[in-house]
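2 protein chains.
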Amino acid sequence: MSYIVDRHNLDFLLFDMFDLEKAHASGPFEGQDRELISQLLDTAQRIAEAEYLPTAATLDAVPPTFENGEAVMPAYVARALNAYSEAGLSAQSFPEEVGGLGMSHTVSMTVNGMFSAANVAIANYFLLTAAAARLLLAFGTEEQKSRYASHMIAGRWMGTMCLSEPQAGSSLSDITTRADPVGEGSYHLRGTKIWISGGGHRMSENIVHLVLARLPDAPAGVKGISLFLVPQKRLDEAGRPGEDNNVTLVGLAHKMGQRGTTNCQLNFGEDGASVGYLIGKPNQGLHAMFHMMNEARIGVGHIATMSGLMGYLYSLEYANERLQGRRIGQKNPGSPQIPLIEHVDIRRMLLAQKAAVEGALALCIYCALLVDEQNGGGESDHADVALLLEVLTPIVKSWPSEHCLEANKWAMQILGGAGYTSDHPVERLYRDNRLNHIYEGTFGIQGIDLLGRKVRLGEGRGLALLIQRIKATIGEAAHIPALSGHAAKLTDALAWVTDATAAALAEPEMERSLANATLYLDATGTVVIGWLWLWQAMVAVRMEEGGATNRAFYEAKRATCDYFFRYQLPHAQIDLGLVNALDVTCLTTTPEQIRAA
Amino acid sequence: MSYIVDRHNLDFLLFDMFDLEKAHASGPFEGQDRELISQLLDTAQRIAEAEYLPTAATLDAVPPTFENGEAVMPAYVARALNAYSEAGLSAQSFPEEVGGLGMSHTVSMTVNGMFSAANVAIANYFLLTAAAARLLLAFGTEEQKSRYASHMIAGRWMGTMCLSEPQAGSSLSDITTRADPVGEGSYHLRGTKIWISGGGHRMSENIVHLVLARLPDAPAGVKGISLFLVPQKRLDEAGRPGEDNNVTLVGLAHKMGQRGTTNCQLNFGEDGASVGYLIGKPNQGLHAMFHMMNEARIGVGHIATMSGLMGYLYSLEYANERLQGRRIGQKNPGSPQIPLIEHVDIRRMLLAQKAAVEGALALCIYCALLVDEQNGGGESDHADVALLLEVLTPIVKSWPSEHCLEANKWAMQILGGAGYTSDHPVERLYRDNRLNHIYEGTFGIQGIDLLGRKVRLGEGRGLALLIQRIKATIGEAAHIPALSGHAAKLTDALAWVTDATAAALAEPEMERSLANATLYLDATGTVVIGWLWLWQAMVAVRMEEGGATNRAFYEAKRATCDYFFRYQLPHAQIDLGLVNALDVTCLTTTPEQIRAA
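Here the protein sequences come in this chain order: P and W.
Reading the first sequence from the start, the letters are residues 9 to 605 in our numbering.
Reading the second sequence from the start, the letters are residues 9 to 605 in our numbering.
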């Protein structure tokens, strides 16, 4: 079995549940049929298993070091990245006119997911590069596209996103990096950036930094932030990387996980000029960043999901093979020990993981499909799709980050003491996964985004569309005897969401309205995942009725739906009840009281 | 402020809530008054802050290495352990007749907790040694006490507990290490032990291993396990460590946390005879181990609590000092940034930590007081105290391991990206704490212990006693207007517990009865912690009414009680409802279904 992908489940989600072939029947992804996608997945799986998975533990144990102003990388990292590019995968999601393969976001995310599962620390380099290239394609000049983005798409150069500064982590309005015009469309950048993933190394001929900075006359706050392209090496006339551009690596952060991805403090313009070029319009830098935010945030949720998946598959195999203990009631100590999976509490931990991971994966794919629809790959109303995606984005970023981390915890627990050692990958996955709740907007910030902004956009149309789609599933499931109870429960759950939303939106004082925004986010996510489980169970019933073989697979889908509805969903009622009641316990407890000791 | 102890809270719990002075007014701990205890705490805090806290990060980053058959330890580890012994602390909890200070378990645990918070990896060495010495005092011969235990109590020698084997982790009945009698009360031990904490080093003149093994004629299973004393070095006539006893270090496990504590695979009798001596009676080894189990399990819960506490105190200070963002609704980007603690979601994460940590600490101290009562330090019915402690033991082991780990997660989250790096201790605490759910009986095993055994002992008298005590608190709190609502809620919660218990006990088929034992454990723990919060709030009200200064401290106690009753306690109803309903989702989902892919 593979640890990095469950191809049967992937086929189930992509083709049986979401009908990807129909979505790809016309439009920009026309012709990307099941066979083509399967071949691509085969190729990617082979590379990920050969070049990524085997080095994950080593890279974690011996991460890049900071020497003489650069990050020294083990040679196998560049080799793995080359294998990815050489297979054409760095170009997979870009349009054909810029040298890409033109694959849908859904397929590309799915392909990349196997690399995230196998070795997220290496995969990050190409994920960040692709995100930066996509931003250049959307907002850059033709020259920027041809001189920079094309090399990134080909996998020859890499890219970073430079947002945070020491005094401005989550609060981007406080960044102070300066960009002074020096004529001919050039700027000199000056400032310090922290938490910059993927910089500082020499694995590629060049690194293209996308940097948020302020023009001299920029207004204060977020309305005065512009986006700049700052190459690690300046290009000569022929577009070849030459002179050093004085982007200095000051140091590497030592992280709990994802340790093979450099995490840099970079100085711009300290040891000489760092020349940069404006991307898009002045003072519109955040707009450009936010344009890419949905995909980036889906990406984080998907990475969290894939860490969860790998932990699940690994602990499942361990539970199948490791003999330990006897069934309750078996008093004969001479009887053979049984596999862990025979113990009910081990099965509970497997079901908990399966519920989180396969639920989260369904959500990630659903959101990726919406991205493709938004990009023209469907016949729907694009404004509606955009609003729906706005509502789902904080959820797909956050729910997997919380619950697939929890899944990793259970994977470790199944292995017991062994799971706490580096002899097995589960403790590393748990460490890797912990980051996902923090970057690309923390859990708390996603909560405020959802309840403070997204459910209010377009007079609540995004949420209304979501509820409409959930109700459609409920309507179908209500006619299936085995699922009608869950359908009724999900109807109740929708009321928890709508009541809580109404209460929060009716409260004029924003601090009170948002006092429980994080709970709202998490619990609404649980209701959404409940929907996707009901949907999966419904498809499973349909497949069983259609005479599908491998009945156990579909039975397990239904059992996991049962698990989710019985063990997980009810907890959302409590959290949404607190939102609904506008509970102000956390708001009215003062800093002075908490500090008192 | 200190990161390793909140002395004000400790005083509140020990003296205002649990009235330790009254408990120590007569009996074996007579004369251990508040002043004496405070002085001991002062001394311990000074040593822990000077010798333990500063090296915690370094020891984690550069843990012991395996070289030439031994674990090479940094010199500061032995220095720290010496400082502890030299202050007399290794002897604190032992009776005066064996050279101890005769302090109560409650005080000793509290003292040791500061070391656990500061540097659990070093503290483990003396905690394990004390546990081993206590076992020798309880079951050893006079000769074993004088030749071995006395040196351990003085802190000159160390000790380990050797239980697990490669084929027998949680399932002790399957151990195969052999002990063959060779005359004169000696045995030759032969076998492999894994996960042995604290062995393999040369920091002390000798290491006393307590080893579970089988006599040649032993019955199969747990009834055929005996306990042996196997020194690292054999003693000469004068009792001095001399000849090597062939206990060989095969390797060290690389752990996610607690990395400074060696985790050894030890071979006995492979390179020559490993001579050992029977402790207690033949085939009674597990009985002896279980005799110490309550204290060991309270100890694990307390270590989990102290990791949680350190994370809480650290993230609280960070939240007070770190400026980031502005209040919701503050649109002026030129206004100064505010401390993190001004954001409501940060306060939620602080309250969540405070609720878990101070609730868990109250439970640990409560259980330690019961140990002291059981050991004769009170006037209660010892059989009743023992039964009550049996019920609380799996809870005090597990609830902190789960919820103070969660607290560590929130501590990291408050620090954001910084919390994910080794620049701050919170990520280490999170890694350290993860172990506590695994060793000394996993979460799942504690669940089976509670629902399968402990609540059935003495016809349920242990649980009845617990409920009786909870009801007494409810009765008092019901008369306090600010708390009467919580008192009513806790009455409901007791019904959730009793109903779930009755349903599980009425089910004759044990696998069904215990299908949700882990949920039962966790949720019953939440109800118990709810009780201890109501009690704390009641004491706070009393202190406020009594005119205590520092009102904010007591207000925060009440606010945290509110938080727990509103945000945490209701979730227990769902889990106990599943127990009550004898939900068999996890039982009826077959291994074949889960495996199907």
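Everything labelled a hint here was simulated from the structure, so no lab data went into it.
Every value quoted in this text rests on a predicted model; they were computed, and no experiment measured them.
Some hints could be false.
Same chains, same names: a pair is fine if it fits in one copy or spans any two.
[As the list claims (entries may be wrong)] The list that follows gives simulated cross-link-like pairs (lysine-lysine, DSSO-like), each with its CA atoms no further than 27 Å apart:
#, residue 1, residue 2
1, Lys497, Lys479
2, Lys497, Lys231
3, Lys153, Lys289
4, Lys339, Lys30
5, Lys241, Lys289
6, Lys339, Lys289
7, Lys497, Lys30
8, Lys339, Lys231
9, Lys289, Lys479
Structure-based check of all given hints:
Only within a single protomer do lysine 497 and lysine 479 lie at most 27 Å apart by alpha-carbon distance; the minimum there is 12 Å, versus 34 Å between protomers. In this homomeric assembly, lysine 497 and lysine 231 never come within 27 Å of each other (Cα to Cα): the closest approach is 45 Å inside a single copy and 49 Å across copies. In this assembly of identical chains, lysine 153 and lysine 289 lie within 27 Å of each other by CA distance solely inside one copy; the values are 16 Å within and 81 Å between copies. For a Cα distance limit of 27 Å, the shortest separation of lysine 339 from lysine 30 qualifies neither inside one copy, at 57 Å, nor across copies, at 46 Å.
Taking the shortest Cα distances, lysine 241 and lysine 289 sit within 27 Å of each other inside one copy (24 Å), while across copies they are farther apart (76 Å). In this assembly of identical chains, lysine 339 and lysine 289 lie within 27 Å of each other by CA distance solely across copies; the values are 23 Å between and 76 Å within a copy. Within a single copy, lysine 497 and lysine 30 get their C-alpha atoms no closer than 31 Å, and across copies no closer than 53 Å, so neither meets the 27 Å cut-off. In this assembly of identical chains, lysine 339 and lysine 231 lie within 27 Å of each other by CA distance solely across copies; the values are 11 Å between and 72 Å within a copy.
Taking the closest pair of Cα atoms, lysine 289 and lysine 479 never come within 27 Å of each other, the shortest separation being 42 Å inside a single copy and 68 Å across copies.
Of the numbered hints given earlier, the model fails hints 2, 4, 7, 9; all others are met.
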